[in-house]
Amino acid sequence: MAESTAIQLKRRQGLVAVVLRRLRGEVPFYLLLLLVSFLLLFPFYWGFITSLKFEKEIFDFTGNLLWVKNPSLANYQTLFKTPRFFIWLRNTMLVSTVTTVLSVIVSIMAGYSIARLKFRGVTAASVIVFVTYLAPKGLLFVPLAQILNDWNLLGGLPALMITYPTFLIPFCTWLLSGYFSNVPVEPEECAMIDGASRIGAIIRVTLPMAWPGILTAAIFSFTLSWNELLYSLAFVRGEENRLLTNGVMSAFARSDIYFWGPLMAASTLASVPVALLYFLFMDRFVGGITAGATKG
Amino acid sequence: MTVTPVAPHEPEPVVYARARKPGIRWATLFHRDESLGYILLAPGFIILALLMAYPFVYAVFLSFTSKRIGGPATFVGWENYTKLASTDLYWKTIWNSIYYTLVALVFKFVGGLGVAVMLNRPFVGQRLAKALLLLPWIIPTVFSTLIWWWLFDPAFSVINEVLVVKWKLLSKPIPFLTDGNTAMASLIMVNVWRGVPFFGISFLAAMQAVPDELLEAARVDGATPWRTFWSITFPLIVPVVGVVALISTIGTLGDFDLPFLLTRGGPNDATTMFAVTAYTLSLSSGLIGLGAAVSMTMFPLLAILVVVSLLQVRQRQGVS
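Protein chains in written order, with our numbering: chain E, 1 to 296; chain P, 1001 to 1320.
Don't take each hint at face value.
Stated by the list, open to error - Computed list of lysine to aspartate or glutamate pairs in EDC-like fashion (alpha-carbon distance at most 20 Å, straight line):
#	chain 1	residue 1	chain 2	residue 2
1	E	Lys118	P	Glu1161
2	E	Lys118	P	Glu1034
3	P	Lys1168	E	Glu55
4	P	Lys1166	P	Asp1179
5	E	Lys56	P	Asp1153
6	P	Lys1092	P	Asp1179
7	P	Lys1166	E	Glu57
8	P	Lys1130	E	Glu26
9	E	Lys81	E	Glu55
10	E	Lys56	P	Asp1179
11	P	Lys1172	E	Asp60
12	P	Lys1166	E	Asp60
13	E	Lys69	P	Asp1033
What the hints assert, rightly or not - Covered by chain E, according to a simulated footprint, are these stretches of chain P (three or more residues, beta-carbon under 8 Å):
#	region
14	1101 to 1107
15	1218 to 1226
What the hints assert, rightly or not - Chain P stretches covered by chain E per the calculated footprint, using a threshold of three residues with CB under 8 Å from any CB of chain E:
#	region
16	1055 to 1061
17	1088 to 1098
18	1168 to 1181
Think of the hints as simulated: they come from the structure by calculation, not from any bench. Where a beta carbon is used, it is the ideal one built from N, C-alpha and C, also for glycine.
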């Protein structure tokens, strides 16, 4: 009895030694991983702890830099008390939602068409989608401002609702055509044989099977709209029409006085939902990016 | 799945039944590939035609006019371009954009490869590490750039505080955004910070698609990990690496958010780039013709990059 526990103990010690030896080999790797993570993540941490500091502590570098002495939510309160904060939030939500819904619907149609239908010019269509996807926003905003002006749309939120789809549709179409080409064709054919019309079969059979792709496209679209800066600066006029991005900056970064507390609070608040969405759907995100990188 | 059995010699029976009914020919329209294809493409392509193709043609036109905000568009030929070519601003814009794009690309490429190699092994917490390391790419640029703005603060930069006061590595603080050279370096640094995760995760996905047998065979033949990487893994991931690099290059060349938020192109136009110069000229100064000409200067460069990426993508599709 005693002997066997001794053996067991020895065995266990052996195991511990093996694990330790293995871990020791891993030490340089984990150190490197830690260093890389620190470089990539420190800005977020710094922004976050700044958002929890009082004005005085923000500019006080004595003591432990990685800690907050008197954490408070005062900056968040300042942010919420900004006269138009909730109007900007509503504008951002409105523009992001409208453009996402519009772009995803249009892209489902175009993506399905490119992935599943055989007709003359389908290759040209996919090339056009890819080329428009690559066109940077910096190329077209000057004439777009002029055109919106001609159409009497410059200045208000509709200007953004019709221009955001120009970068969302190519992206979503590209993403979704990739998804549709991986969804099996047979169920749709069976539904049609059972008497469904083609459109009915697409809506009731194929779309439900493609929902992960559609969800990914919607999340990406929403994030891209949420993140947009150039068009919202160039095409919108007036305090009432600002989005969160330029609204927050105009309120807390006036010429030479920067209110870092509320600015960092805004950065933290705006980043959290995006980060959460992304953590929930990470595999799809990564799949989406790499599909983007490997497919056309 | 329940499927009604159908005799194999009877293709698409319902279709014919429907098509034969008089008065609902449009049902055929929504059924046949040749018509449904165009119908489904139409909404998207109409939007793209109105808001991308038309603006593009309009931009070319505007770049040949003396258009100002509220003024008429008078045709002036190449005058905008010759006028721009005689200014320092124009050449600085072109040089800065190319410099920023290329230097950042090299660092993103090397950094991305490094991250991918680092993560391409089983270890505890791999999933979490992948998720966290992608954050710089996933968090909205505007807000992450705001944080960098604060990190680069001329008087209260925590980076300077640590390097100069705490660790005494430097004798005086780095003028991150206030000196021309360091401002460009700072912009590149933020761009690299944002891009490395994207490059890394894309490269990692490509590496994980490399067949294990090949790596095993190399190991059996006695190849060192270094040799295996450069002779087997790298050539196999080159197509993905190429497309990622091209897409990133195109985006960086047209970048607006970073230079606009951090420096507005300053100090002394040291960091101005295509989109920022076009914005300042056309929207801040009202010189729409000149602004359009600046944007259009970017076009030949973009066109070459787009064609190369297209060829790359199509070649891949042909192979697979």
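Q.
Under the constraints set out in the numbered hints, which ones does this structure not fulfil?
A. Those not satisfied are hints 1, 3, 4, 10, 13, 14, 15, 17 and 18.
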